[in-house]
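Asker: Okay, here's what each chain looks like letter by letter:
There are 2 protein chains.
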Amino acid sequence: MSLLIVGSIALDNVETPHGNVVHSLGGSAIFTSMVSKNFCKSNIVGIVGEDFPKEHFALLAGNDIDTKDLKVIPGKTFHWSGKYSDYNKAETLDTQLNVFANFDPQLCEDNKNCDYLFLGNIDPVLQLRVLKQMNNAKITACDTMNFWISGSKSKLLEVINNVDILFINEDELRMLTGVHNIFEAAQKAKELNPKLIVVKRGEYGSFAYSDEFIFFAPVYPVRKVVDPTGAGDSFAGGFMGYLASAGNFEETTIKNAMIYGTVTASFNVESFSVDKLKKIGIDDILARKEIIERSIRF
Amino acid sequence: MSLLIVGSIALDNVETPHGNVVHSLGGSAIFTSMVSKNFCKSNIVGIVGEDFPKEHFALLAGNDIDTKDLKVIPGKTFHWSGKYSDYNKAETLDTQLNVFANFDPQLCEDNKNCDYLFLGNIDPVLQLRVLKQMNNAKITACDTMNFWISGSKSKLLEVINNVDILFINEDELRMLTGVHNIFEAAQKAKELNPKLIVVKRGEYGSFAYSDEFIFFAPVYPVRKVVDPTGAGDSFAGGFMGYLASAGNFEETTIKNAMIYGTVTASFNVESFSVDKLKKIGIDDILARKEIIERSIRF
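Just so you know, the sequences run in chain order A and B. Residue numbering for the first sequence is 1 to 298, as defined by our numbering. Residue numbering for the second sequence is 1 to 298, as defined by our numbering.
Excised from the complex, chain A in its bound form:
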């Protein structure tokens, strides 16, 4: 099965207590695909400027990530600059949309036929446009953020109404639903029509909520969080990648997908950019999965 990933592609400046990087590869489509490629054929949809370094194209090609729908246009690549004083919240220092302001995802025929779709955190208007181009996707999922919840709520609700899975962090879930109790809030989100709500809780793990079950995933106990940028995207990459490889949407598959997402996010936060994701493979992922298994099995 193949997974289509739509999202940002960025050259980021990031500063954390463990150091900093300048113009490093980032963006939701990158973090997601650099994980999902371990599980299934991964295709990205995005836009970059002519400044986008050749080595990054080579990295994607070397990892068999399809870039037929990665447009290169004159101008500069999307740039985000942020700083983490602690690891719970990034302070945005600068955002330059650049060519991303012209992003209008048009899918090639192959990509319209992908079985699985992950809509990274972008404008709900664009997420909807992609959804409408898909021919017959088995499972569709979206992520979002506070900016769209407050600024484009009706369009966002339309997206949520049309996907199978909503990935959302706990603060955003409370903001979206206006409900404080996190389980009541998940129930409210469930009533917006997705089959599954995946609630991300940072250093506390995550849980999946459906009509049939609730499943809590812990975190992998990372001792040195170098840079949390992309944690949610790399979680989604592990989750959606495994789902696409399994080819069904059963309770056991979803629970395993949650654990794979947990593992892949744990690798991501151990380095800046995709430095760690570049180096790991399925064996590393399986090894951590086993450790997590012991940490919750009783």
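There may be inaccurate statements among the hints.
The list cannot tell twin chains apart, which means a pair is met if one copy fits it or any two copies do.
Here are the simulated DSS-like pairs of lysine-lysine, each with C-alpha atoms no more than 25 Å apart in a straight line [claimed, not checked]:
no., residue 1, residue 2
1, K195, K68
2, K224, K195
3, K289, K255
4, K41, K255
5, K278, K224
6, K71, K153
7, K89, K54
8, K276, K54
9, K153, K279
10, K190, K224
11, K195, K155
12, K132, K195
The hints are simulated quantities; they were obtained by calculation from the structure and are not laboratory data.
Given chain A's structure and the hints, the job is docking chain B onto it.
Answerer: Okay, now just chain B, sitting in the frame of chain A:
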């Protein structure tokens, strides 16, 4: 096996978004024993004033909680008044130590011979006095709070050095160790000599940390948290009660104890005071344990 519980016994005023109670039964020894009594013979050590209502003595007697070392002296019972605006943090409005200021726990011979000991959150000086009176306890545990970490650190470290299990919430663990990463902090606490660190994370669950393993317990998904007062104590009651009933300190036993603590705390927060704890029995506990099992098994 028998469990000895040393802690406060209080008449509390509590206000939460779900209502309020006045002079209701509370205190760490109460919340802990009203849970542990489901698993093992439970004995409390504490002090109350002559105003302590007869019905509360009857409640303890009716639940087979031993009160040989519960002193009644002239004066008023310890009183705490607090308010929860959200459920993460209580605001203390008033504390009247009253007879608790004279608490000097002296154990009867029977209690000196208890196999298991839980030292609730009281002055480390008193915790040490109790520890020294125990004849040959199999497993000893303590809880504490920020007040003692900042005000009586050397005495508290002496307590921690002499118990098998430290129960502590995550903020207090960071305060005790000066380390932000929660797993590094648990490791630092482990080096203070206990065999096991149990880190409580409120609505995010808890984890147990030893030299041999780490174990994450989720929360039971409570939809309506009425009053979080005593959550940590009722967790410890389920944990220590099950441990005492199992009679060993093996990995599987500890993991199950974590889940029992999770379940018993979930019942406690669903009502003010011990209203819910009064009504539940081992069958209710086992039913929720099964639900939790499904929520983490994959």
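Asker: As a check of your reading, is K276 near K54 (CA-CA no more than 25 Å) within one copy, between copies, both or neither?
Answerer: Answer is within: at 20 Å inside a copy they meet the 25 Å cutoff, but 64 Å across does not.
Asker: If the cut is 25 Å between Cα atoms, do K224 and K195 qualify within a copy, between copies, both or neither?
Answerer: between (35 Å within a copy, 24 Å between copies)
Asker: Which holds for K71 with K153 at a C-alpha limit of 25 Å: within a copy, between copies, both or neither?
Answerer: Neither: 28 Å inside a chain and 61 Å across chains, both beyond 25 Å.
Asker: Please work out whether the CA atoms of K195 and K155 approach to 25 Å or closer within one copy, between two copies, in both situations, or in neither?
Answerer: The answer is within: 19 Å in one copy meets 25 Å, while 54 Å across copies does not.
Asker: Within a copy, between copies, both or neither: which one fits K289 and K255 at a CA-CA cutoff of 25 Å?
Answerer: Classified as both; 12 Å inside a copy, 19 Å across copies.
Asker: Is the C-alpha distance from K41 to K255 at most 25 Å within one copy, between copies, in both cases, or in neither?
Answerer: The answer is within: 21 Å in one copy meets 25 Å, while 39 Å across copies does not.
Asker: Given identical chains, is K195 near K68, meaning Cα to Cα at most 25 Å, within a copy, between copies, both, or neither?
Answerer: Result: close neither inside a copy nor across copies, 30 Å intra and 56 Å inter.
Asker: Given identical chains, is K132 near K195, meaning Cα to Cα at most 25 Å, within a copy, between copies, both, or neither?
Answerer: Answer is within: at 19 Å inside a copy they meet the 25 Å cutoff, but 57 Å across does not.
Asker: Checking an output row: K278 and K224, CA cutoff 25 Å. Within, between, both or neither?
Answerer: So K278 and K224 pass the 25 Å test inside one copy only (18 Å; across, 44 Å).
Asker: Check K153 against K279 for me: Cα-Cα at most 25 Å, and say if that holds within a copy, between copies, both or neither.
Answerer: Neither way: K153 and K279 sit 39 Å apart in one copy and 44 Å across, limit 25 Å.
Asker: Which holds for K89 with K54 at a C-alpha limit of 25 Å: within a copy, between copies, both or neither?
Answerer: Neither: 31 Å inside a copy, 51 Å across copies.
Asker: Pop the pair K190 and K224 into one bin, within, between, both or neither, using alpha-carbon distances up to 25 Å.
Answerer: Answer is between; shortest inter-copy Cα gap is 18 Å, intra-copy 35 Å.
Taken one by one, the earlier hints fail for this structure at numbers 1, 6, 7 and 9, listed in ascending order.
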